Amino acid sequence: MSNNFEVATTISDAISSVNYSPAHSTNLLVSSWDQTLRLIDTHAGTSGRELLQIDSQAPLLDACFVGEDGKSAAAGGLDQGVKFFDLNRGQLTSTLSSHTSAVKSICYNTDLSTIISGSWDRTIHLHSPQSQTLTSSHTLPHKIFSLSTIQTKLVVAMASRSIYIYDLRNMSEPFQRRESSLKFMTRTVRCMPNGEGYASSSIEGRVAVEFFDPSKESQSRKYAFKCHRQPEDDVDVVYPVNALAFHPLYGTFASGGGDGVVALWDGVAKRRLRQYPKYPASIAAMGFSTDGKHLAIASCNGFEDGKETVPNPENRLFVREMGENEAKPKSMG
Amino acid sequence: MAEPVQLSIIEAQKENIVALPGGRSARALAQSILASEDTETQNLEHAAAREAFENELKTADELDDPLDPYLRYVKWIQEVYTSGGGRLLERTLYRATHKFEDSPEFKNDARYLKLWMTWIQTYSDAPRESFAFLARKGIGAGLALYYEEFAAYLESQGRKAQAEEIYEMGIQRNARPVERLRRKYDEFVARLAANPPDANEPSSPAVPIVRAALGERKTDVEPRDPQAAVQGFGAEGQAPPQKKKNKMMIFSDAPGATSSALPEQSDRGGGWDSITTLADRKKENVDAPRPWAGEILKQEGGPAPKKEKLQIFRDPAALQNQSQPQPALTASGKPKRPERVFAALELVYHYGESQDECDFDELRARSRGLLNVDWNEMRREEEKRRQRQKQLDRDRAKAQQEDEIMMDMLGSRHAVVEKEPVEVPDENAKFVTKSTVVTLALTTSPKAKPKKLKKSMGMQFSTEPTMTMHTRAANDEIYSIFNQPFIAQDDFASSGKNGESSDEEDDEDDTEQTNTMFSQGGRSTAGQENEEEEQPDMLKGAFTDDEDTGFTAVDVDMLRQKGAAGDENMPTDELEHLQLGGEEGEPDEYMEEEPHTVYNQRGSRQLPFMTPIVEQTESLPPSTIRGRGRRKSTTTPCKPGRTGSEEPLIDFRASPIQEVSVHHDILPDNDVQMGGMDEKENMSLEKQTRSKPTENSLISFEDLEPKDKEKEIKKPSASNALQPKKQALTSKSGSTGSTIDDAQCNPMDPILREVILSKLSQPVTTFKGFYDNSSQPSKRTDGIRKYIRAITATGKDAPKVIPSQPVIGLENGEISYTIRKEIGKGAFAPVYLVENNMAGMYDAEDGEEEEDAAESATIGTSKRCELEAIKMEIPVSTWEFYITRLSHQRLGNHRATQSMVNVHEFHLFKDEAFLVLDYFAQGTLLDLVNATASPNNSLHTQSGTMEEILVMFFTVELLRAVEALHEKGLLHGDLKADNCLLRLQPVGANAGKDGSNDAEWSSAYDPHGGSGWDKKGLVLIDFGRGVDMRNFRKDVGFLADWKTDKQDCPEMREMRPWTYQIDYYGVAAVVHSMLFGKYIETTTVTGDNAPGRPKKYKIVSGMKRYWQGDIWSEMFDMLLNPGMFVEGEEGGAMPITKGMKRIRMKMEEWLVANCERGVGLKGWLRKVEDGVKRRK
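In order, the protein sequence lines correspond to chains R and S.
For the working numbering, add 4 to where a residue sits in the first sequence, where the first one is 1.
For the working numbering, add 16 to where a residue sits in the second sequence, where the first one is 1.
Hints listed in this document are in silico derivations from the structure and should not be mistaken for laboratory results.
This structure is a prediction, so every number in the text was calculated from the model and none was measured.
Note that the Cβ used here is the ideal one computed from N, Cα and C, for glycine as well.
Heads up, none of these hints are tricks.
Calculated Cβ distances over 12 Å to all of chain R for the following chain S residues:
| no. | residue |
| --- | --- |
| 1 | L23 |
| 2 | H62 |
| 3 | H114 |
| 4 | S172 |
| 5 | D765 |
| 6 | P766 |
| 7 | A937 |
| 8 | T961 |
| 9 | Y1095 |
| 10 | K1120 |
| 11 | D1126 |
| 12 | R1158 |
| 13 | K1162 |
| 14 | K1189 |
Residues from chain S shown here face chain R by an in silico Cβ test under 7 Å; the list is partial:
| no. | residue |
| --- | --- |
| 15 | P354 |
| 16 | A359 |
| 17 | A360 |
| 18 | Q778 |
| 19 | T781 |
Required output: the full structure, derived from the provided sequences and hints.
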């Protein structure tokens, strides 16, 4: 069974993203509302150690590693800039571009070495990490809520349940335009590691799994399911699904909800593999390490109900060690 | 003597008469038969007689012949109860026989033996054992009768050898009359000779030989019979003790539980003391009674066996191909738990100025007041603070020796470095210290300036961006110009914790360049630069301030001149001010007095010369004009200007131009702010600027501007590589791209629709519920038509046999519907009410929650009902399915979604298509209007038209639905009263289906749908003429190629192009028919028909004076002349959603205010509900 431990941090406000380094399976990049980007070795000592802490001037909403060496990162937040950080020197290298509203999501495409940022100003910006410049900007019809990229695909989840899928090699026109199959606002979108499709979650306790291939066979494989519902008296309270994370090796995925529950799903067999005991607060972000051996889980006030106490008292980071076969889909034994 | 017995009496009853061995008296028989006809008296008589006998029996022991009463009693019973004495006889016989079994005087009494024989023959369950018992007791041992009977019994059992043995025993004992016995024996022998005994028959002695039981420890030599051994076995503890495990439970009577029939059993140690019934002898099979205390009562069958609650019969034929294993009803029986969404949906879906919902981060930002914070502004404010501080410091510094300062500056390089880390943690202190240095440098040492410049060159971007903007807009612009790395950190490090690292870097740079500073203010270099650049910035600030409200090249130009003039004065001016400030020592006051702060105070403090220009050019946002290119070169925008100038003053002077070019950088970001509408203009203008990035360009701008605006939109030039791409994007943005590029077309054109459908990013065939069988014919129409004709036909046309309800089985029977009746004929297709034979299965799928991750995608599989509507489309068209589904997809969970009919499935065949829709039983608005008009209907009103409040209510519902559709770029295209179904659903969980028990439905109208009001409304059906505006270019105009009538909008009738008008007119028509009870008629407003002016329409009918004439006429005015109300709408074009919303809100307000007057809105709606129910 998996082992769960808490990482000691100095994070003083809600966590917005957690991402494991592509190079070091224990280095975790954490962006948070306390205007800080941190690099944490989750497995140093008994409860981890903060390697780096870079302050920004506004709350950060997302961050990602850039490149394969885990030495640089990009982040964005309310101050509307897309920032590029040198993690070796522990400092901001440059501001790649500026949106006219907060940068909500940021991701890095390995195949094409591109940093993609999406903002509430309804644009996505593509940047080259080599030249540290903006390479192109694209205006979309709605606020961007979540980005995810795999291989040459970029999935953009927007307001009004709109989802665009781009081929990064040809950004002039979306490869596909879709409406989310969920009725409520899209919260997060994450691509499958095998590049076949993506999972998206809504604020109304549902996750949809869809495929890129427009053929009818593939499209008929798409499905959605309910999750993150807690019975309360005689009502089921439906929580938002804030975080999704695909296991890099097995293609199973974890969902984290406003109820503080993390569940592990086998998308192929359409089965829930596991559901872990409740965390103290809403799950804000999750990330598997590149070797798939552990899952970082950020638990803090998610502002789902429009309430928070300032400052948020509970901003905690957990790591769940995955057992040998814990995240393995049933079909793989 | 007595008369002869009427044999006929006996004859009639003879099957009820039990034969007695000795025969019956015919008289007695006849008597009792006759008596039995009078049951009541007979019963009484019998009871009396029985009682007499019983009494006699009680004292029988005192009689000389105690047997006599028994004999008589038995005889009486046999006579009276002709059909057998039953239990009475049995009990009496038993008592008689067993009473005397040990009385020696009766042992050879023939009468007693006869009683025994009767008992054995009639009631004994084991006659042979009874005979053996008698033998053991010695009863009848001397009577031939016993032997004869016993032998006869054995013989009848096939035990001839034993029978012979008995005869021989009897003869040997000389049982009397021995002669008769002998004769019987002879007869037996004769029979035996004729029929010799079987070799297999038992040869054991007829009367068991009594031997000692094995293991008998009793010294009692008396031989014991086997029965005794068995019976007494356990009780006497003779079970083999060495056996550890009893292979078999041996039954034993509980100690002391001696049977009353065997009082002296233990004494005598033998069996055969008594013979009781077989049941008694099988008592080991019966559980002995035990006290209940402590007993565990095993429930029958354990905990409720899980059974299917109800086996539903299903036609095996229908089941044949059905893969669904579960029975339908059990699945649907599963109650769905109510759900509550945790997320604050009202906040998420609070559409503010933008059309998009907000995610939680945005909400959090907003609640913390960080959302609309202009981070530049914050930095700016910080900068201001810094500035003030600087000024303070300057003053302070002034007090110091200038020479000293110089010395320090030159020598403190190392100190700076050292200071660094200390300063980092204290954000505010940072600036203080910084600024002090700066001021010193500025004020005191002109020599420092060149140095600073050099340094700034060296630092490239990091120094460049520094500027102190005082107006918000100016800062926006400028900051975004300097998007390059470090800017934010360097200059505006003030906003809370900012990149210390970058500061560090600055400092490093500083030191490298041997920039000398105060030892105290090591980090000042950045600040210094700020200070330096502040001046140009200030100028810029002035410009940008204007820009905010709209700014053109003219402004720039003018300002540039002004600025240039100002610049020259600036340094000195400022210095003076600073000095002044220092004396005053009050930063706030400074702010008021400082020249640049004048610019800062937006509006009130603006320089007078700017305002008129501003207004002039309001419509054209300047930021975008300034172009968007230059992204790639963002890092070095200012470099040339800077490098070229050693002398700061020159630099200042040059700066305006420089800045213009700088501005180009900003734009990509800013243009978004400006809104998409201007984008094209912006881009075109940008091109202009790019091509002439000098002063001249600015001037030319001024001239070209208005023309450019139009020209450029039409033909975007490809001068900029980035441009066409963007153009394409913008034109597509916000839509699925204009598939159809025609400026005018007929949106209902099937070919055009085909094109649209073929270009969908997600083909319609992959939609949930789409069943494509287009290759095969369905041929179901005829059957259905025939059936419908049959059930609707009357009179002689009516067929004698009504055909059975046709069942439409689809998808190999996986889905099937039973046609009930025809409920409507759409424009193109009939609609049937059907029974969904599969209803309920869908819920089951839905109900499986976490256990099974699989669940169908949520859209298109909402809950199914038993009754649904099927629309048959001939010729086939996918369009209605597509548009209906699209409306749901686009609207998402918008409240108006409930006002769109839900399409569950679409079955496409070669020759026909079936559209499975929700069924609403309450009829259409047209039905309601007609019901109101017809005098016999319960809904009839005096005026013959609907109550105004009801009309208003439905109008609001209609407007909301149409608004939502239009907002999402959809046209219904066929709005009329018969395409609006009533949706008056029960409110609350415990409300009855008929609308009873609706306490949860408040009588106070809630425009937001609370208190049950969201359950009441309309449903739009028939999207067959729907149009998705996103398929067309923005300026498209539609032309109808069909014959138009008064129900079509004036544009159509006059062959003018139309778009949204079709729906506005439709709404007007629906409302008109509700309000007036007749079809809409319009006329042009007279006197307003000047040529060239657009015609204005109004309705012909006049309002009643007590109606809300204002609201209604405003509404009709708007709906009939939408083109005149586009002002204020987004893009100044249709849809006039905002205008409609305004009207709707007015109506809602009125409803809220008046909903509880008189009958009240709820009351009226209840009446309608009842009325339409009755109508059915």
